[in-house]
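Protein sequences appear in the order of chains A and B. Using the numbering used here, you'd call the opening residue of the first sequence number 1 and step up by one each time. Using the numbering used here, you'd call the opening residue of the second sequence number 185 and step up by one each time.
For the record, the hints were derived by calculation from the structure and aren't laboratory data. The structure presented is a predicted model; accordingly, all values stated were derived computationally and were not measured. The reader is advised that the hints may include incorrect statements.
[As the list claims (entries may be wrong)] Calculated cross-link-like contacts (lysine to aspartate or glutamate; reagent style EDC-like; alpha-carbon spacing at most 20 Å):
#1 K838(B) <-> E902(B)
#2 K744(B) <-> E766(B)
#3 K838(B) <-> D894(B)
#4 K147(A) <-> E907(B)
#5 K249(B) <-> E266(B)
#6 K204(B) <-> E74(A)
#7 K204(B) <-> D719(B)
#8 K204(B) <-> E133(A)
#9 K744(B) <-> D695(B)
#10 K147(A) <-> E125(A)
#11 K744(B) <-> E714(B)
#12 K249(B) <-> E261(B)
#13 K752(B) <-> E805(B)
#14 K249(B) <-> D313(B)
#15 K204(B) <-> E85(A)
#16 K752(B) <-> D798(B)
#17 K752(B) <-> D767(B)
#18 K589(B) <-> E532(B)
#19 K838(B) <-> E92(A)
#20 K204(B) <-> E92(A)
#21 K752(B) <-> E789(B)
#22 K147(A) <-> E772(B)
#23 K147(A) <-> D909(B)
#24 K249(B) <-> E316(B)
[To be verified] Here are a few chain B residues that sit away from chain A, every Cβ distance over 12 Å (derived from the structure):
#25 P283
#26 G297
#27 Q332
#28 E373
#29 E425
#30 A572
#31 E590
#32 D619
#33 R625
#34 L630
#35 P652
#36 T682
#37 E835
#38 E912
Ideal Cβ placement from N, Cα and C applies to all residues, glycine included.
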Amino acid sequence: MSQRVSVRLRVNGVEHELDVEPRLLLVHALRDELGLTGTHVGCDTSNCGACTVHLDGRAVKSCTVLAVQADEAEVTTIEGLGSPEDLHPVQEAFWEHHGLQCGYCTPGMIMAGADLLARNPDPSEQEVRHALEGNLCRCTGYHNIVKAILSAAETGRRGAIHEPAPSAVGRESAEELAEQGLGA
Amino acid sequence: MSGASDSNGQPWVGRRLRRKEDPPLITGRGRYTDDHSLPGMLFAAIVRSPEAHARVVSIDASAAKQRPGVHAVLTGEDLRLESPLPCAWVPPGVEMNVPDHWPLARGEVNHVGDPVAVVVGQDRYAVVDAAEDVFVEYDPLPVVVDPQEALRDGAPLVHEQFGTNRVHRWSLGADDVEQVLERSDVVIERRIVNHRTSGAPIEPRAVLADYRSGELTVTTSTQVPHFVRLFLALMLGMSEERIRVIAPDVGGGFGAKLQMYGEEALCAAVARHLNRPVKWVETRSEHMMVSHHGRDQVATVRMGATRDGRLTGVHIQLVADLGAYLMLLTPLIPTLGAFVMTGCYEWESARVDITGVFTNKVATDAIRGAGRPEATHMLEVTMDQLAAELGLDPLELRRRNFIPKERFPAETALGMVYDSGDYHGTLARLLEHIDPAEVRREAEGLRARGVYRGIGFSTYTEICGLAPSRIAGPAGVGVQAGLWESALVRVHVSGAVTVYSGTSPHGQGLDTSFAQIVADRLGISPQQVEVMHGDTATGPQGLGTYGSRSLSVGGEAIVKATERVIDKARRIVAHRLEAAPEDVELREGRFSIAGSPDRGMTLAEIAGEAYVVDNMPAGFEPGLEATAFYDPENFVFPFGAHAAVVDVDVETGKVDVVRYVAVDDCGPAINPMLIDGQVHGGIAHAIGQALYERIHYDDEGQLVTGTFVDYALPSAAELPSFETDRTETPSTTTSMGVKGVGEAGTIAASPAVVNAVVDALRPLGIEFLNMPLSPQRVWEAVQQAQEGVRA
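The whole structure should be built from the sequences, with the hints applied where relevant.
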């Protein structure tokens, strides 16, 4: 597998040009090449959704997308959705409603939840549960995750949740993380 | 922060404080093991047996070694280990067959996934390619998969050298139980199958080992960093103080990470061998195949009662499928369940006989609840069966036999001493939330539409707070360790506090609840309390997080250390304000003099005195910190009452849990929000087992449910929201009165769901079903029942 290809990605508002193996998964490009380790891997079969990111504004499982397929695309990861100083309403609601325990499925859950609210700002409990079918959690029994997303929807109806253009702070932290080069 | 930014005289304990842990985790700044990388790091991929039982004839790694970027391919003998993987349970007076278990097989493989070689190289993907180029020749041996089959004469032997597949026998209770049953008006017998499951935390395991200049650092996704350090020392022949084990953010455990795994020793040995950091990350398929499983017990339960519903005796004969090897606590798990097999009830006599069995499957060990879900399931399902036999309401049978609250501390028919309980209380509270008569009326209406609605209950007590060393340790039950916990509480010169705990939480929220406990006692905010854990180099000694022990054992150690800090703080205040230490009390965030509240000092002022040492008496020892060890006198016994309402579609066999109500009592709440979260997750785990999840091997020992495609972890769409409530009956074991709650939901829920399904289907003549109640099993039962009616 010595053949490599060039891929241009815009991740959390930052342009990257990568030289990758054609078989490299987007999740590994994000984690190992760009140091964005907030996106997790929990299975081999696209069932768990821990790797969920937004690709051109839609939630995808980044373990099921090759980096080359994301060429020229806009990717938002959990690091770019909001930052500790400027949380996205879904992040805020997960904190407020104890929507996470170990935190491993959480980035994927939050990205899936944000995607749902961007498409359907006023979901019913059943709609939230169905939207999360592709994201597995072992800690919470989903109870507080569902509650958090419903609460974020309510916040959104009061304020409006928009598909996030990465905030300045979010972008800075993403750049900082990328510069640290946490990858192998 | 929820609530006030300072304590306003109201205690922090008891509040639904949102978690200190969360900001990094919700923004992608968590640091799990695979998020760690080191310069020069290599990746490992493991070559695993596709055979369930075979002799390894030869291993040819030449092609793999020639691949670019491959640094080494190592097999069993290359690792230079001093001792095999440990089994920490050596019950006194019990003969046990313990096979050697190495991180890489030596000559024989005993289950699918047994590792035979490791490939180490530069790239995550390339080592997987190279692993496929390692050619292993196997000479297949006969396979045994079913534990009861394994006990028959002439069955294939998993370990030839023992001449039997029996691991051990272990009994608890009275010899007269069969005579008591014989004298009983009614005796029923049921065969309760508790099938094999996977812990399946969403973060698979991962290990990063770094060996340099004789020092080893292992970052690993574990619940027990101190145990891992100890066993690495023994296996590698190193001295413990040269090894540092770090459990960073850990993405769930559920018992699956309460283990000393071969891969931990393997990565350490390879890192030492190559002098390079080595990382291994488990794939989900590997997790399903080789991370230890849980449950897998078949029980014959004989239960007796008088005609008017007084329980007489219970005799449980249990065959436990332990798999191919004995891992850290493998044979102990059914014994842990045995301790509470008498449940919440009074019995004349009780007895448990356990037989452990080898099969060609991966080892079983602790998975959330570890023996107690099995015990509660067999007991609570059989209680409903007995009630039906007696023509009694299942709750009435329970009420007639509950240990009354006046009897506590109560010694049970199996010799345990339950600390506290109020079983009538939790059941009464449950019935404030759900009216069985109303559910039955709804059921009547729904049946006309082909929907069979049922309600089922479970009233449980469990044993946790592992563990009093005197009872559980080498001279008692036989665990080869003390089971205390320790803590270090350090007040910094600014008055901020760091708490180091020997527990190793991985999602439970203990950073927050520990901070609440300490904040109240020192008159500061939880924001000023940093909780550290999971690093053997920076923390005190410790034993990790499992068995719902972290609050009731680890939290008590923190209280004890905090009290030592307070003692010293009092002496400092007494000296500075010229009063007697015993007159110093904490009021509104200040340590002040009783009777003159205006004379006092804040913790920051006291810390200033302790570190600056200005104007302290001669011989004053500077600093303000203390370490404490806490070894409980007894276990703690949480309890509760749960109800499930299910709808069964008899056309498809599909079961939906439409309501789930849980009342749990784990003593006084430190943070009720965290308790609810633990209960929710526990219930979901058990509903998963009752309806969806099953580890299944075929007759050749091939794992059929090896991924999340086949192993059906419930998603949000399969579960309802849960209704939870609590009563608070303090433990008499712990100073705070707290018990544990991490496993309660899992222990309680599976029998409630199964009882509800049987309740739903009774109108069709279905009286008994074993888990998992998959659509197929339910549909078949419905077909058989209808054919029976037609015949």
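Hints numbered earlier in the text: which of these fail when held up against the supplied structure?
5, 6, 8, 19 and 22
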